[in-house]
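Protein sequences, first through last, are from chains A and B. The working numbering applies: residue 1 is where the first sequence begins, and numbers increase by one. The working numbering applies: residue 1 is where the second sequence begins, and numbers increase by one.
FYI, nobody ran anything at the bench for these hints, they're computed from the structure. If you're wondering where the values come from, they're calculated on a predicted model, not measured in any experiment. C-beta: ideal position from N, C-alpha, C; glycine also. Any given hint might turn out to be false.
[Claimed, not checked] Only some residues are given here: those of chain B computed to face chain A with a beta carbon under 7 Å:
#, residue
1, R105
2, L181
3, V251
4, T273
5, S277
6, I310
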Amino acid sequence: MSERLDLKAKLGLDVFKPALEPHIKIKQGMEKDPRLKPAIRACPAGLYSENDKGEVVITTDGCLECGTCRLVCGTEILDWNYPPGGTGVQYRFG
Amino acid sequence: MDKFDVIIVGAGLAGLGAAYTLAGNGFEVLVLERGDYPGAKNMTGGRLYLNPVRNLFPDLFENAPLERFITNEGISIMAKDRSVTLNYSGNELRDEPHQSYSILRSKFDRWLSERVEEKGVAILSKIRVDDVIKDNGKIVGVLAGADELRADVVLACDGVLSLVSEKAGLRSPEGPGSFALGIKEVISLESGVINERFNLDGDEGAARLFVGEVTRGKFGGGFLYTNKDSVSLGIVVGIEDAAEDRLPIEVPALVDAFKERLEIAPLIRGGITAEYSAHIIPEGGFRTMRNLYGNGILVAGDAAGLALNIGFTVRGMEFALASGHFAAQTIMKAKQTRNFDVPTLSMYRRLLEDSFVLKDLRNFQETPAVIGNPRFFSHYPELIGAIMKDVYSVPAGPKERLYPTIRKHLTLSELWALFIDMKGVMKI
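Next up, chain A with everything else stripped away, as it sits in the complex (with noise of 0.2 Å):
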């Protein structure tokens, strides 16, 4: 096998531009919404977690703008956005 790497360390290979903002929200009261758990495990960069106050939480660094949480999650409960041209993730290889 190559060698092993933890989610953390493949995201760090990518190159990423920074934004101001984040370009994916959970919107206000919509914290502890169940359908924002499917996110957890189908991110495919790990964005999405569960603090201990049961509450859904979300780091948009490292996103790769796929669009999967929009699909699971809906629109009802993320404000989902691209990040604003020029920023976000820029594939070398792709």
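Here the structure of chain A is known, so what remains is to put chain B in place on it, guided by the hints.
Leaving out everything else, chain B in the frame of chain A:
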């Protein structure tokens, strides 16, 4: 404020295919791309079938940054503890013109964008389109930040989610039903090492698909494509399976488990992962094709859901190139009458119907339902593996005759279930 003839949203294969076709015909074309450069947001598993699109883009691909032409095809049925592999190679795959190539999209799209720019088309990168401009129900342009950009017609080539189609009212936000998630690692390896490990010569390439345990018995599979000096390796899973707890582990961990399989590990030993990427794939085929056009707008490529997975071949990129080409043809025709309304733009659908794009999607429209059969991903891999295990085994004592060995697995109820499943397969 300048007005363009055509604004193309997205410099992927659909958008660039359209721009290339439109170029040199006196049109003012503007391509908007949200990435740092065309290709920055795009990824593929890996392989482009060129045969269907060569005639649409004569001579274009001769100097393209294609990685390897595929001469070795393999499909592995993976059970938990064993696998059965079918390999195919043939002189026809070595003859020119080669049928398919492994590619890396950031390189390929960037190269194609340069060919488009050479023909006089303006491509603006780092621009995200935020909305469409409507006038009396007609799309007359796009909003990008504070900029209002107007055009006779907008071509939405903005990928699988197509937020532009949503803003234009051509589709609504969707659930996970007809989509899969692809995750890939590009793993650097010396080209000589690749050639040795995959039994290749020069620029020959291998394509391998894996079904069964790699997605824990659910829809999808693993893939491996050889590039010049890297391999593209990853998995595809149904997004519903990923979301609804039907997979025992988190989705990213499936890639690691795949890499650790004995069938894979030796092939990538010593390789260094260079990039990690993910993308959504439209899997519904003809039945989930999206609206192709509206008043003042056309939709092409993944944005229109133009992709086709029939198990052995997984295609999308040539549909994007071709649909972009036919959208451009439609626009050129519509320009003659200066009319971009729905009846005029319906020519796009007819052009697609007359081409491989909708002929293939239509012919294979039963495929998503058939290959969605979970037995293909769990039951059969274990069954086939178990039969092979017994056929090949030489025990300490006497070996059972072959026919009873196999019949032990293929009970009457098993044969009946197989018959039913094969009836489904006959629809493909």
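A quick look at each hint next to the structure:
| no. | hint | in the structure |
| --- | --- | --- |
| 1 | R105 | holds, 3 Å |
| 2 | L181 | holds, 5 Å |
| 3 | V251 | holds, 5 Å |
| 4 | T273 | holds, 6 Å |
| 5 | S277 | holds, 6 Å |
| 6 | I310 | violated, 23 Å |
Consistency with the previously given hints fails for number 6 only.
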